[in-house]
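Please build the complete structure, drawing on both the sequences and the hints.
The sequence shown begins at 1 in full-length UniProt numbering and counts up by one.
If you're looking for bench data, these hints aren't it; they were derived computationally from the structure. Because the structure is a prediction, the values reported are computed rather than measured. Take the hints with a grain of salt, since some may be wrong.
Derived BS3-like pairs: lysine-lysine, alpha-carbon spacing no greater than 25 Å straight-line [to be verified]:
1. K591 to K612
2. K140 to K205
3. K140 to K228
4. K205 to K128
5. K307 to K128
6. K213 to K228
7. K213 to K140
8. K128 to K422
9. K307 to K338
10. K213 to K128
11. K213 to K307
12. K128 to K140
What follows is a set of in silico ranges between Cβ atoms, one per label pair, in the way DEER data are often shown [what the hints assert, rightly or not]:
13. W180 to W151: 29 to 37 Å
14. M82 to V178: 56 to 64 Å
15. G578 to D218: 55 to 63 Å
16. P538 to P640: 25 to 33 Å
17. D509 to T295: 21 to 29 Å
18. D218 to L239: 23 to 31 Å
19. R150 to V31: 33 to 41 Å
20. A292 to D363: 27 to 35 Å
21. P476 to M82: 30 to 38 Å
22. D651 to W469: 43 to 51 Å
23. D218 to M82: 47 to 55 Å
All C-beta atoms in this analysis are idealised placements derived from N, C-alpha and C, irrespective of residue type, glycine included.
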Amino acid sequence: MSQVISEVRSAPPSAHAAMGLLLAGMAAAPVLAVASPWWVFGSVLAGTYVAEMWTARKIPAFVDILRRVQLGTSVLTLIRQMSVMLLVAAYGTVSTIGLLVLAAGVVTAHLVRALVTGLETYVTQRRKLPVASRNVDLSKLRIPDALHPRWMPSQRRILFEMDIPITVGVLAAIGSGVEWPVPAGCAVAVVIAGLRAVVLLVDAKRNRHLARKRWVLDRVREQVARSKPEVALYFTGSLTSIYQINMWLRTVEQLNRPAVIIMRERGLLQQLGPTSTPTVCIPDNIDLMNFALPTIRTALYPGNAGKNIHMLRIPGVTHVFIGHGDSDKPASFNPFSKVYNQIWSAGRAGRDRYRVADIGVRDEEIREVGRPQLQDVVAASEHRAPEALTVLYAPTWEGWTANLQHTSLVTMGPHLVEYLLKEVPGVRVLYRPHPLTGTRDRATSAAHRRITELLDAANTRDGLPPAGWVPPELAPIAAEIARLGASPTGIDEAQRSRDAGTARADLGDEIERLRRRWQDGYWGAAGPQQHHVVAHMPLPTLYEMFNQADVLVTDISSVVSDFIASEKPYVVCNPSGGDAAAFQTANPSTKGGYLLSPGLSGLGDIVEHVRKLRADPTYRDPLAPERTRLREYLLGPAEPSSAVRFAAAVDEAVAAARGAERAAE
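What follows is the structure, given as structure tokens:
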């Protein structure tokens, strides 16, 4: 409720004026009906219609407050109609028969509205399938096109269509002194509602076969089962955590075994990245139980979530936690991990974390598979230094609790960026915040905005575009990527699932080609001194920003482990300012980099060191050997590649499940 009130308070003055007009007009309407000229009453009532529509569009939070205090659209309509009745009684120009016609018209319109509402609910429920999908042929379900939204509007619009003709008819009758506008207005209201009812009756008949929930589940399951999937990528989470599964789509697509993606939240399906892998979204637990795919032998889990249990309880499957990044954070050795048959880490560091944490995960349950996502990260030996010294600042987010002190954004971020801009001549700053930044803490959002302002101001001083600028000539490429990767834009989920029945086999390769073209154009169009903010943008990717950077400044997160693939210098922030030795002991990934305290002590020396590395190939970096060691420790050996090791691990997991099945027979 506090968030709703905050949204109302932050609304623009015009919205506050509309709110005031609505409340004042509704309060005054009954009084004006009996104590003012009819045209004054009509003007005020018209103002309330406009104000209600305006607030519904601009400040839905205010409408939500009205609904919670029992002043929703239905009650507001009742007040208006009661006021109209008072107006009729006050003027006495409508005969008894006319009054009866008015009453009958109002009642009939409400009855037809009830029918329309019931039919809308019927159609909506039938089209809310127990399973939504992508890349699954749903032709056997015979899903019809959804009705255009004009035939299924909001309750507010339906009430307006019923209320306004009746009100206009009454005002016209009083103003002209004749009664016929009253029945005419009632007739218009009933005809409009009746027309909707007829259209919805026809649509209800077209969709009634979709009411057979089990039949729908069985038809979709049969289609998915045709490919005999052996691997399931399972995900449940929030919209902000969709990146956790998106990072694995390409890897799963490239497996030499048929796979399926299983999701649990309807809203996530639209946010899923491009993939040609058959995908189903099954929100209900019981429906998931009835969606049996007996060929699945391995389930992969990118995140720890309560709903994982709904998949974990399926026997005969090797359940594997693959995570969404490898870091020294506590999330990388969560006690929940004990529920899985296996845990796959990038390198030996992951194995050691579980051993040190001593949470009950046995060493033989851990498999080192590398990080397939890092195949495009350029090594330091092949790095072509950009014209300007480039610093990438990629802080993590604030975490779910305040005591974790995950992020440097609040305590160090703005100060760090300001220092670089003022004290380091010719520097180029790239800023990449975590996708969840600002989820819990407003101070983190404020720090993020401040950094953006600093970089925008620096670009402006140099006559450059804003930090978040994207060259307009890249728009066609981005549009083509969006077209290839987006879900169909059908009116509702059922139609989108139907229209997403097939995917190009080479979809991933084509999108990757376009992404490379976009990124080449992005960096090519940007001047060598332009600072960049990449937030809430799919491109450029974090790994492409790695390739642009000479040095990384970050927090304890998987970004450290991923950047080490390049073996370039990096700086890890110690936002708590605690003992440096203890910090490095607790976070082994920091040992190949420099530590930075909240006071930024030593930052100038670090930058100067990186500048010398850029300028002089013979200049020795004392931490380079440690980074090489850490690369193998954190990510595993360079050969065989991570993609090969990951695929081999999948093969072994499938074989283990089959072996266990044979042993049980």
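(message) Run the distance test for K140 versus K205: straight-line Cα separation, threshold 25 Å.
(response) Judged against 25 Å, a Cα distance of about 17 Å means the pair holds.
(request) May I ask you to test the hint 23 to 31 Å on the CB atoms belonging to D218 and L239? (result) Distance hint for D218, L239 holds at roughly 30 Å.
(request) May I ask you to test the hint 25 to 33 Å on the CB atoms belonging to P538 and P640? (result) The hinted range 25 to 33 Å holds for P538 and P640, with Cβ atoms some 30 Å apart.
(message) Please verify whether K307 and K128 have alpha carbons no more than 25 Å apart.
(response) holds (21 Å)
(request) Starting from the hint 55 to 63 Å, judge whether the C-beta atoms of G578 and D218 obey it. (result) holds (58 Å)
(request) Verify the proposed pairing of K140 with K228, using a straight-line Cα cut of 25 Å. (result) Judged against 25 Å, a Cα distance of about 19 Å means the pair holds.
(request) Mind checking the hinted window 33 to 41 Å against the Cβ distance between R150 and V31? (result) holds (36 Å)
(message) Hint check: K205 vs K128, CA-CA at most 25 Å. Holds or violated?
(response) holds (15 Å)
(message) Just to be sure I understand the hint, the distance between the Cβ atoms of D509 and T295 should be within 21 to 29 Å; is that true here?
(response) holds (26 Å)
(message) Check the hint pairing K213 with K307 against an upper bound of 25 Å on the C-alpha distance.
(response) Holds, at about 22 Å.
(message) Quick check: does the Cβ-Cβ distance between A292 and D363 fall within 27 to 35 Å?
(response) holds (34 Å)
(message) Next pair to validate is K307 with K338; report whether the Cα-Cα distance is within 25 Å.
(response) holds (15 Å)
Checked against the numbered hints given earlier, this structure breaks hints 8, 14 and 21; the rest are met.
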